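Asker: I would like the entire structure built from these sequences, with the hints used as guidance.
Protein chains: 2
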Amino acid sequence: MNENITIKKADGTLEFFDSSKLITSLQKSGATKELSNEVMKQIEKELQDGMKTSYIYYRAFKILREKSEPVASRYSLKRALSEMGPSGFPFELLISEILKEKGYKTETDLIMNGRCVEHEIDVLAKNEKEFIVCEAKFHNTVGVKSDLKVALYVDARCKDLAKGNFDGKKPENLIPKYWLVTNTKFTKNAIIYGRCNGMTMIGWGYPNEGNLQDLIEESNLLPITVLTNLTNQEKRVLFEQGIVLCKSILENGGLLKKIGVKDARIERIINEAKSVLKVKRG
Amino acid sequence: MNENITIKKADGTLEFFDSSKLITSLQKSGATKELSNEVMKQIEKELQDGMKTSYIYYRAFKILREKSEPVASRYSLKRALSEMGPSGFPFELLISEILKEKGYKTETDLIMNGRCVEHEIDVLAKNEKEFIVCEAKFHNTVGVKSDLKVALYVDARCKDLAKGNFDGKKPENLIPKYWLVTNTKFTKNAIIYGRCNGMTMIGWGYPNEGNLQDLIEESNLLPITVLTNLTNQEKRVLFEQGIVLCKSILENGGLLKKIGVKDARIERIINEAKSVLKVKRG
Numbered sequence: 012m013n014e015n016i017t018i019k020k021a022d023g024t025l026e027f028f029d030s031s032k033l034i035t036s037l038q039k040s041g042a043t044k045e046l047s048n049e050v051m052k053q054i055e056k057e058l059q060d061g062m063k064t065s066y067i068y069y070r071a072f073k074i075l076r077e078k079s080e081p082v083a084s085r086y087s088l089k090r091a092l093s094e095m096g097p098s099g100f101p102f103e104l105l106i107s108e109i110l111k112e113k114g115y116k117t118e119t120d121l122i123m124n125g126r127c128v129e130h131e132i133d134v135l136a137k138n139e140k141e142f143i144v145c146e147a148k149f150h151n152t153v154g155v156k157s158d159l160k161v162a163l164y165v166d167a168r169c170k171d172l173a174k175g176n177f178d179g180k181k182p183e184n185l186i187p188k189y190w191l192v193t194n195t196k197f198t199k200n201a202i203i204y205g206r207c208n209g210m211t212m213i214g215w216g217y218p219n220e221g222n223l224q225d226l227i228e229e230s231n232l233l234p235i236t237v238l239t240n241l242t243n244q245e246k247r248v249l250f251e252q253g254i255v256l257c258k259s260i261l262e263n264g265g266l267l268k269k270i271g272v273k274d275a276r277i278e279r280i281i282n283e284a285k286s287v288l289k290v291k292r293g
Numbered sequence: 012m013n014e015n016i017t018i019k020k021a022d023g024t025l026e027f028f029d030s031s032k033l034i035t036s037l038q039k040s041g042a043t044k045e046l047s048n049e050v051m052k053q054i055e056k057e058l059q060d061g062m063k064t065s066y067i068y069y070r071a072f073k074i075l076r077e078k079s080e081p082v083a084s085r086y087s088l089k090r091a092l093s094e095m096g097p098s099g100f101p102f103e104l105l106i107s108e109i110l111k112e113k114g115y116k117t118e119t120d121l122i123m124n125g126r127c128v129e130h131e132i133d134v135l136a137k138n139e140k141e142f143i144v145c146e147a148k149f150h151n152t153v154g155v156k157s158d159l160k161v162a163l164y165v166d167a168r169c170k171d172l173a174k175g176n177f178d179g180k181k182p183e184n185l186i187p188k189y190w191l192v193t194n195t196k197f198t199k200n201a202i203i204y205g206r207c208n209g210m211t212m213i214g215w216g217y218p219n220e221g222n223l224q225d226l227i228e229e230s231n232l233l234p235i236t237v238l239t240n241l242t243n244q245e246k247r248v249l250f251e252q253g254i255v256l257c258k259s260i261l262e263n264g265g266l267l268k269k270i271g272v273k274d275a276r277i278e279r280i281i282n283e284a285k286s287v288l289k290v291k292r293g
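Each protein sequence line maps, in turn, to chains A and B. For what it's worth, our numbering labels the leading residue of the first sequence as 12, then goes sequentially. For what it's worth, our numbering labels the leading residue of the second sequence as 12, then goes sequentially.
Don't take each hint at face value.
One copy or two, either will do: identical chains are not told apart, so a pair holds if it fits within one copy or between any two.
Stated by the list, open to error - Calculated pairs, DSSO-like style, for lysine-lysine (alpha carbon to alpha carbon, straight line, at most 30 Å):
id, residue 1, residue 2
1, Lys140, Lys63
2, Lys63, Lys199
3, Lys73, Lys56
4, Lys199, Lys180
5, Lys199, Lys156
6, Lys160, Lys20
7, Lys63, Lys188
8, Lys111, Lys52
9, Lys113, Lys156
10, Lys181, Lys170
11, Lys269, Lys160
12, Lys116, Lys63
It is worth saying that the hints were derived from the structure and are not from the lab. As the structure is a computational prediction, the values presented were derived from the model and not from experiment.
Answerer: Shown next, in the form of structure tokens:
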């Protein structure tokens, strides 16, 4: 019945509506088969030719939220990541926390000298076996891809840093590794170029395993932007204090009160954070 | 009297108004000392704390235009270049024409294979002694600088092309040269990095000699956006047909009629183009 419905993607291109894609993304967020089918049936009733994927997403999120708030929060992860702006710094902190959770010592927002100039480094991570220079490329629009130019400038920067010997920060026995992490997709050429030059490329849905969703969900480090009970203003204030994780809200009881959230809402926010962090991937 | 007047630059930073800068830019556009001083006196009467440089520019242009239209057109070159958008293609064509005038054979808007991926090349120029790969970086906002990331990605692209042997387009006896040309300024780090990697950097006011203004004025290849008698719509239509130079309007008599300009205005436009192209630099 919906086989011929055309929908409009965030980058403006058109494609046929594919119900299996929606089902997959719902299940990835922790929805059971039953719940996914329920949401799907409702969406199919509302579908219209030319509808934007962002609107379909919004409706699915609303329907899901009525049925299971924590699953809805997970479902909104892509959008939640794009709301970590406007600056790229909260996204850098998120990547740094993920790497810490994996056992690395990290530094963020560094300035290091290359052979020719000094460079801003988003995240530097090391353990006994690895030395990782990581660019965290943040876009606040979901449809924007990290393109070839990004892969090119990150590569040139890494090579300039290597020629400058990483300001002596790299242990002599380790070979440097370069990571490019983005909250959106990569263009095909960006992926080809990055891999051709030995870079680890991690983005939305790329690679199949070990992509950004996987890293976030394995570490259970969800950003505060998934919480539907926090206002945008409250999220901004928390970012300014370097708080980017749902986990931090649970670990620091007084935090929400300190930024002026009323008691009644604090309980709801904490409950949402707790249930979001408990949900396992379906 | 105006020593303590603070003005706001296009990038939002503040600086003290410096009358000698305005005088210099007026004289560079072909204004005599007398004319420059006349404009300056009028501007000084109107100056107010916090005034935007773009407004001062606009007023100077208006005053100048009443006194000498061709000098005003030259004075507006920076603005005129920024109006060559929205795509970067007209600016590429301008750079290509300048290189042709210097005796190179040029190609624009090429796709060439590097070692890893294919790249878009804005302008390729060669003669018997030189083989130039040129990136024409266009910004449609005057205050935006071409920054380190631009220099980095151009450098990485050039190196990937070199490893791919330039699709066999480079004569074996020539060493490739890399140019990065922009219609705005460069950041300091972009200049240091570019030069450190052997790139020729040409931008607004950079370097002191052989900068973009110099190239345009030496070759007398002014873009049609300097013409105050053409509407924006007409400029766009001309761009779509690959017409970017005032010279082309004079060389192709029927051009303006063909795009629907009325006879009375055609004469005015042609007269403006003629007088713009005759003015020599002061």
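Asker: With 30 Å as the alpha-carbon cut-off, assign the pair Lys140 and Lys63 to within, between, both or neither.
Answerer: neither (46 Å within a copy, 54 Å between copies)
Asker: Using 30 Å as the alpha-carbon threshold, which applies to Lys199 and Lys156: within, between, both, or neither?
Answerer: both (10 Å within a copy, 28 Å between copies)
Asker: Can you tell me if Lys63 and Lys188 fall within 30 Å by alpha carbon in one copy, between copies, both or neither?
Answerer: neither (39 Å within a copy, 46 Å between copies)
Asker: Should Lys73 paired with Lys56 be assigned to within, between, both, or neither, using CA atoms and 30 Å as the limit?
Answerer: For Lys73 and Lys56, only the intra-copy Cα distance (15 Å) is at most 30 Å; the inter-copy one is 60 Å.
Asker: When Cα atoms must be at most 30 Å apart, do Lys181 and Lys170 count as within-copy, between-copy, both, or neither?
Answerer: both (14 Å within a copy, 25 Å between copies)
Asker: Checking Lys269 and Lys160: alpha-carbon separation at most 30 Å within a copy, between copies, both or neither?
Answerer: Neither way: Lys269 and Lys160 sit 42 Å apart in one copy and 39 Å across, limit 30 Å.
Asker: Within a copy, between copies, both or neither: which one fits Lys116 and Lys63 at a CA-CA cutoff of 30 Å?
Answerer: This pair counts as neither: shortest intra-copy Cα distance 42 Å, inter-copy 47 Å.
Asker: 30 Å Cα cut-off: does Lys113 pair with Lys156 within a copy, between copies, both or neither?
Answerer: within (27 Å within a copy, 39 Å between copies)
Asker: Measure nothing new, just compare the shortest in-copy and cross-copy C-alpha distances for Lys111 and Lys52 to 30 Å and report within, between, both or neither.
Answerer: neither (41 Å within a copy, 63 Å between copies)
Asker: When no copy is specified for Lys63 and Lys199, does a C-alpha distance of 30 Å or less occur within a copy, between copies, both, or neither?
Answerer: For Lys63 and Lys199, the Cα distance is within 30 Å only inside one copy (23 Å; across copies 43 Å).
Asker: Tell me, please, which holds for Lys199 and Lys180 at an alpha-carbon limit of 30 Å: within, between, both or neither?
Answerer: between (33 Å within a copy, 25 Å between copies)
Asker: Between copies, within a copy, both or neither: which fits Lys160 and Lys20 at Cα up to 30 Å?
Answerer: both (23 Å within a copy, 29 Å between copies)
This entry does not satisfy hints 1, 7, 8, 11, 12, going by the numbered hints stated previously.
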